[in-house]
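Asks: Letter by letter, the sequence shown follows residues 4 to 65 in this note's numbering.
Only pairs whose alpha carbons sit at most 25 Å apart, straight line, appear in this in silico SDA-like list of lysine to any residue:
| id | residue 1 | residue 2 |
| --- | --- | --- |
| 1 | Lys34 | Pro64 |
| 2 | Lys34 | Glu20 |
| 3 | Lys34 | Tyr53 |
| 4 | Lys34 | Asp46 |
| 5 | Lys34 | Val63 |
| 6 | Lys34 | Ser61 |
| 7 | Lys34 | Leu50 |
| 8 | Lys34 | Arg44 |
| 9 | Lys34 | Glu62 |
| 10 | Lys34 | Asp52 |
| 11 | Lys34 | Leu45 |
| 12 | Lys34 | Tyr60 |
| 13 | Lys34 | Val65 |
Bear in mind the hints are in silico, worked out from the structure with no lab data behind them.
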Amino acid sequence: MPEDAVPYTKCWDDALEQVMVYIEPEAEQLKSILTALESGRLDFGALQDYGGTAGGYSEVPV
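Generate coordinates for the entire structure from the input sequences, incorporating the hints supplied.
Replies: Here is the structure:
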């Protein structure tokens, strides 16, 4: 999703919070991230700590 296409208003009526995280994982990486999120080993809010505005790379610890 292009940065200028980010929905800055609430998308869901019952949403408590809305966060955009820009990551581009490969299929296996995404599977590992989702598994870690579901099991509680990775906090969703922590995903904002990875990556970079200048296209940098980070390693998500999953």
